[in-house]
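For the record, the sequence lines run as chains A and B. Residues 3 to 112, numbered by my numbering, are exactly what the first sequence covers, in order. Residues 3 to 112, numbered by my numbering, are exactly what the second sequence covers, in order.
Any given hint could turn out to be false.
Said to hold, decoys possible - Over the 10 Å line for every Cβ pair with chain A, so calculated as not near, a few chain B residues:
1. K21
2. G23
3. G43
4. A47
5. L48
6. G53
7. F67
8. P75
9. G91
10. G96
As the list claims (entries may be wrong) - Just so you have them, the derived chain B footprint on chain A, three or more residues with Cβ under 8 Å:
11. 8-18
12. 22-36
13. 51-57
14. 76-85
15. 105-111
Derived from the structure by calculation, the hints contain no laboratory data. Every residue, glycine too, gets a C-beta built ideally from N, C-alpha and C.
There are 2 protein chains.
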Amino acid sequence: MTHPSVIRPRDHAVFSPQKMGKSTIFESSRLLVGLNAFEPGQEHALHAHAGQDKVYQVVEGEGLFLLEGRELPMRAGDLLVAPENVAHGVRNSGTSRLLVLAILAPAPHK
Amino acid sequence: MTHPSVIRPRDHAVFSPQKMGKSTIFESSRLLVGLNAFEPGQEHALHAHAGQDKVYQVVEGEGLFLLEGRELPMRAGDLLVAPENVAHGVRNSGTSRLLVLAILAPAPHK
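Same shape as in the complex, but just chain A (with noise of 0.2 Å):
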């Protein structure tokens, strides 16, 4: 996975019918990045991180990011942080698929 090459990141989108899908497109002990692909209605719970931050990037879609107990709307081309310990999550509450970017520092444990 050292992708040596441009990445589309949705190219690398995995939809669930079930839950919040997962892909990864980069992951070193340092660094991961991943993909969060959210079909309406579903949702990702609130959960924080010791000793890792988080960069969310809205890629397609908009959804509600929480954060520090607030909701907040975000749309392609957004950005938010998550810096250790501070929960957060996310929930596709529009109509339409959401694909999200999660960068993770360092990379969890395996």
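Since the structure of chain A is provided, determine the placement of chain B on it from the hints.
Leaving out everything else, chain B in the frame of chain A:
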């Protein structure tokens, strides 16, 4: 710089007539989320980072990204990963501004 709110990367861009402009969106010891802003003709020369992985994403414009001796044309939304020790650079070969998210993990030492 905890940014507990939605970030529109364009709002943080700093362009400079002299050379590539740099700005920081978020920084911790684990993660640096920055912007590299290129006027037409500006470039970031080939360089590499030991022990750090970088992700580029084009926010607006288009340019040539250098990676492992190759020149890769990229446009808005495209991602590129430069794992540690892999030489990389950027050249705005177009006629409009090029704005690039540059995410580095871990962040450089101060």
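Okay, the hints, checked on the actual structure:
no.	hint	in the structure
1	K21	25 Å, holds
2	G23	18 Å, holds
3	G43	22 Å, holds
4	A47	19 Å, holds
5	L48	14 Å, holds
6	G53	8 Å, violated
7	F67	8 Å, violated
8	P75	8 Å, violated
9	G91	14 Å, holds
10	G96	16 Å, holds
11	8-18	holds (count 4)
12	22-36	holds (count 6)
13	51-57	holds (count 4)
14	76-85	holds (count 7)
15	105-111	holds (count 3)
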